[in-house]
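Peer 1: Protein chains in written order, with our numbering: chain A, 1 to 275; chain B, 1 to 777.
Worth flagging that the hints you see were computed from the coordinates, not collected in a lab. Wrong hints could be hidden among the right ones.
Said to hold, decoys possible - Pairs of lysine-lysine, DSBU-like flavour, derived with a Cα cap of 30 angstroms:
no. : chain 1 : residue 1 : chain 2 : residue 2
1   : B       : Lys72     : B       : Lys84
2   : A       : Lys2      : B       : Lys165
3   : B       : Lys404    : B       : Lys550
4   : B       : Lys404    : B       : Lys656
5   : B       : Lys35     : A       : Lys2
6   : B       : Lys81     : B       : Lys95
7   : A       : Lys189    : B       : Lys753
8   : A       : Lys2      : B       : Lys59
9   : B       : Lys404    : B       : Lys165
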Amino acid sequence: MKPVNFDFARPSDLPAAIALASREDAIVKFIAGGQSLGPMLNLRLVQPNLLVDITGIAELKRVEETPDALELGSCITHADIEDGRVPDVTGGAMRAVAAGIAYRAVRNRGTIGGSLAHADPSADWLSALAALGAQAIVRGAHKERQIPVDTLMTGVFECSLESGELLSGVEIPRLSKSARWGYYKHCRKTGELAHAIAAFLHDPDRSVCRAVIGATGSKPIVLSDASVLIGKGPDHALDRAAIERAMTGHGMTDPIEQQIHFVCLRRAVQQAYRP
Amino acid sequence: MTGQGVGARLLRKEDDRLMRGRGQFVGDLRFAGMKDVAFVRSPLAHGLLRGVSIPDEWKDSVFVAADLNGVKPIRAVSGLKGFKVSEQPVLATEKVRYVGELVAMCIAQNRALAEDIASAVHSDIEELPAVYDMLSARKPSSDLLHQHWGDNVFLETFVNVNIEKALDAPIKVTREIRTARQCMAPIEGRGAVAVWDSRLDQLTLYSACQMPHIIRTGLAECLGLEEAQVRVVAPDVGGGFGYKGILLAEEICLGWLAMNLGHPVRWLEDRREHLTAGANCREHFYRITGYADRDGTLLGIDCEATVDSGAYSAYPFSACLEAAQVASILPGPYDFPAYRCRTYSVATNKCPILPYRGVARTGVCFALELVLDAIAREAGIEPHELRAKILVKPEQMPFTNITKKWFDSGDYPESLRRAVAAIDIPAVRARQKVGETDGRLIGVGMATYCEQAAHGTSVYYGWGIPMVPGFEQATARLTPDGGLELRVGVHSHGQGLETTLAQVAHEILGIDVAKIKVVHGDTAMTPYSTGTWGSRCMVMAGGAVSVACKEIAKRAAKIGAQLLQTDDSRVSIRAGEVVGPGGSITLGEIARTWYLKPHSLPADVDMGGLEATIGYRPSPDSGTFSYATHAALVAVDPEIGTIEILDYVIVEDGGKLVNPMIVDGQIYGGFAQGVGTALYEEMPFNSAGQPLASTFADYLLPGATEVPAPRLDHMETLSPHTEFGVKGIGEGGAIAPPAAIANAVNDALRPLKAELLVSPMTPRRVLSAIAVGRSFS
Ligand SMILES: Cc1cc2nc3c(=O)[nH]c(=O)nc-3n(C[C@H](O)[C@H](O)[C@H](O)COP(=O)(O)OP(=O)(O)OC[C@H]3O[C@@H](n4cnc5c(N)ncnc54)[C@H](O)[C@@H]3O)c2cc1C
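Here chain A stands alone, though its shape is the one from the complex (with noise of 0.2 angstroms):
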């Protein structure tokens, strides 16, 4: 279980990154926290003749806070969210999210970029951005442009990146003081990549109720106007036929796969709305 041999670099900006990652004649990867490349390398999933490394690059840790959001480089890392080193404009959901991932040692090393760009659909930040309504910046050669984090993934371990694309940063909106956000997810033991997550959030001084169902084999289910699926009750009672349907929709139909999925769900919102 050794890697193949490959060359690397450690580029300082994010331009000579992105030139080393547009060359044709060479298969490259950029690598970031190595927590998920690495095991591939070793394992020789991927063979690539380059490494770059991006931790380098001063401009994927930045950290810019707006009155309406918050802009994290990519290479910010889980643990930096989990112990406060960066703002927080989503009401300490990311922190909690954060701190939920895998264990210390990949935390200090993960980044949300990585973690993103790798599109894991177990992964926690393509749920929980996904709910919580990000945008993922993305950087080429030529341009930025931005996809929502919804959106972003196209299968399992692929997304919308082109070659030469680097995923810069992420842009989070800022909560309103009245928001609520659930989160719950299914592993069987600590560290382990979940085998369901559901993610929710409800902020009605944005209009936004969104919920996400996560680690479903591929994308993320977005529900992105969940309010017609919960009930106006007290208990805030699920549409468990339409959930069940939306899953179906999507490729998944075994019964015990939904059953725990929508479990996850409702406990999320329940979460939410716990006074």
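Assemble chain B with the ligand onto chain A, guided by the hints.
Peer 2: Chain B with the ligand in isolation, oriented as in the chain A frame:
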């Protein structure tokens, strides 16, 4: 006792180097010119090997079966009637029989380059249908692994004791129970370095193994060497559990390479190799019926057990160790009148099964204890009430059970009583009535087992296998400075023998344990031994150290008496001194006299001197029986199927505990593995015989947060026929957890009419069982 002898909670001597990262494992060894080996392994479970194509540039770095001149296949046979022999070529010849089987070996400057070469080598295999399920493998229509056998059954065994008398019992409960195939997952995988020394005309194999002497014998046979031409060194070894109790085809390959290439070679198993080519334990299937009276008294057990033995029998022996033992140990610690058991050791296209900590007992305990609980539910009594009726009672000891096992001593019902009290069953019942605020269901379950350990010649000679354990020898040698060396042929890889054997010697000679050095793991330095397995070391090697030290004591006393100018009969050994009526003299002075001032020795001194190699075997040698009751309290989330262990109690009797702290450590470690078996660990195979979990992301081991601290309680009923009354306890912790936890889960799920009969109990299996229960109501 002086605080260091038998019974002392001494810190482990070996931890000084291990905890500081100064251990020396196979992977730490460096030799000039050493090259790394990567194996080309079969990607298919079953197929005809048509050829191996090697790119021209690598022709000199790749070796296949045809190159291995003079190397014999591995034959691990049994003389048991009807046993069919599998021949395992060290590199595949005509056929491959499991994913991961060795096809070729590639040598390079380092492992990465060797893997580059391996990935360029292509095995041309014509795929055959995979025999992946042990039950269908038994059917006449099944494809065959070993064509000339005519079927896929290594061995079938049968025993019947009066089952006819139980068949009309008013309660009859039948269950089909299955345990998954597992990996042993020691922290250190296997690995070896082979070095040929032309001056000594000797091959040295450094191997992460548990039984260096047996490896040496097998290696010499397979390589066609004189045994004196082989030395095996097992340095620090990071956990064995049975995984390292065999001779590997890889080791034979390395030996051949070292002999033929003129430089040392190394192979270190990586985690993917471990998971995909080494998933080799615990896969059992039981169809079991319990017969009982209306009041729950057990009248008989009728069982058909099938064990997936994998493709070959591993050396010294593996193929039917589990299945054939199932028949003899299924009755557990209980006394009941009728018993029938048929077992099948079935060959499949999986890697060879190996005996994992608790050998067969974990599965057996799971099957029997689940059926006992099912009977208790049927009879409407508490499971512990049922067990109390049938556990062998202290006044029956020593007791010969229905399969002629001779239980040496113990108070089995007391361990049950203490466990019931500690887990507080009335409190659990009250809590169940109220229900949990979080909607989970709680349940309590227990399991009692007894564990035969250190069983010797009288038990194994009938098996007709390459390795029958006999006397265990130890060498004790007093050094001129008054220190003591102990040389033993067993190996310590986590058990703490460097400490506990020193404690035994201290008990006899009174020498400070800091001055006692335990030498093990080198065939050139230690007496022959079958090694470390079957929880035998403290009974056997501990016993041998004890008798060897007693011999040294006798000889030293004689010299001491002379020096003290008194009679032999008037001296005794105390705290490292020979003490006479008028004075005393240290063992150090006596040793100096023997080695360096022989003019002061008594005329009739024992010329063996202050070094003695003595053999020991308890009489009878049918084994010690430690035992325990485990009790679990669990909470089950019926909506998502997760299980949490809320409380866990172990009441254990391991006879005299030489070092209670080390015993606790053994129990904790075994318990962690038991939790893994119960809830997490499984190597699934698909119908092509492909192992499906190739990393720890898919093969789940319990971590720190999944293994709660069990509450331990010790009883100490001495064994009447071992030194100090010790019993073997190495495996017990891993035996009962799956049974106790499953019984607790089934207790929790009773209101839902759901029952789990398979390990591991995954969320999916819990939810499926609940769905089945729902369909009944
Ligand atoms: C034991 C373990 C448990 C884990 N458990 C969890 C868990 O519970 N939840 C969870 O969400 N995650 C989990 N992870 C994954 C972890 O969060 C990783 O940190 C994350 O998936 C990848 O981040 P990274 O910075 O390490 O990326 P890397 O491993 O460096 O890269 C991953 C991939 O993304 C690409 N990449 C990285 N950065 C960029 C970028 N800026 N632009 C474009 N492409 C980029 C790389 O080329 C590579 O293909 C676990 C990992 C391990 C090892």
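Peer 1: All hints, please: hold or fail.
Peer 2: Now the hints, each set against the structure:
With a C-alpha separation of about 18 angstroms, the suggested pair lysine 72 of chain B and lysine 84 of chain B falls inside the 30 angstroms cut-off, and the hint holds. Annotation: proposed proximity of lysine 2 of chain A to lysine 165 of chain B is violated, straight-line Cα distance about 62 angstroms (limit 30 angstroms). Taking the CA atoms of lysine 404 of chain B and lysine 550 of chain B, the gap is about 34 angstroms. The hint is violated against a cut of 30 angstroms. For a cut-off of 30 angstroms, the pair hint linking lysine 404 of chain B to lysine 656 of chain B stands: about 25 angstroms separates their Cα positions.
Annotation: proposed proximity of lysine 35 of chain B to lysine 2 of chain A holds, straight-line Cα distance about 15 angstroms (limit 30 angstroms). For the proposed pair lysine 81 of chain B and lysine 95 of chain B, the alpha carbon gap of about 27 angstroms is at most 30 angstroms, so the pair holds. A distance of roughly 27 angstroms separates the Cα atoms of lysine 189 of chain A and lysine 753 of chain B; the hinted pair therefore holds under the 30 angstroms criterion. A C-alpha spacing of about 22 angstroms is found between lysine 2 of chain A and lysine 59 of chain B, which places the hinted pair at or below 30 angstroms, so the restraint holds.
For the proposed pair lysine 404 of chain B and lysine 165 of chain B, the alpha carbon gap of about 19 angstroms is at most 30 angstroms, so the pair holds.
Of the hints listed earlier, those the structure fails to meet are numbers 2, 3, in rising order.
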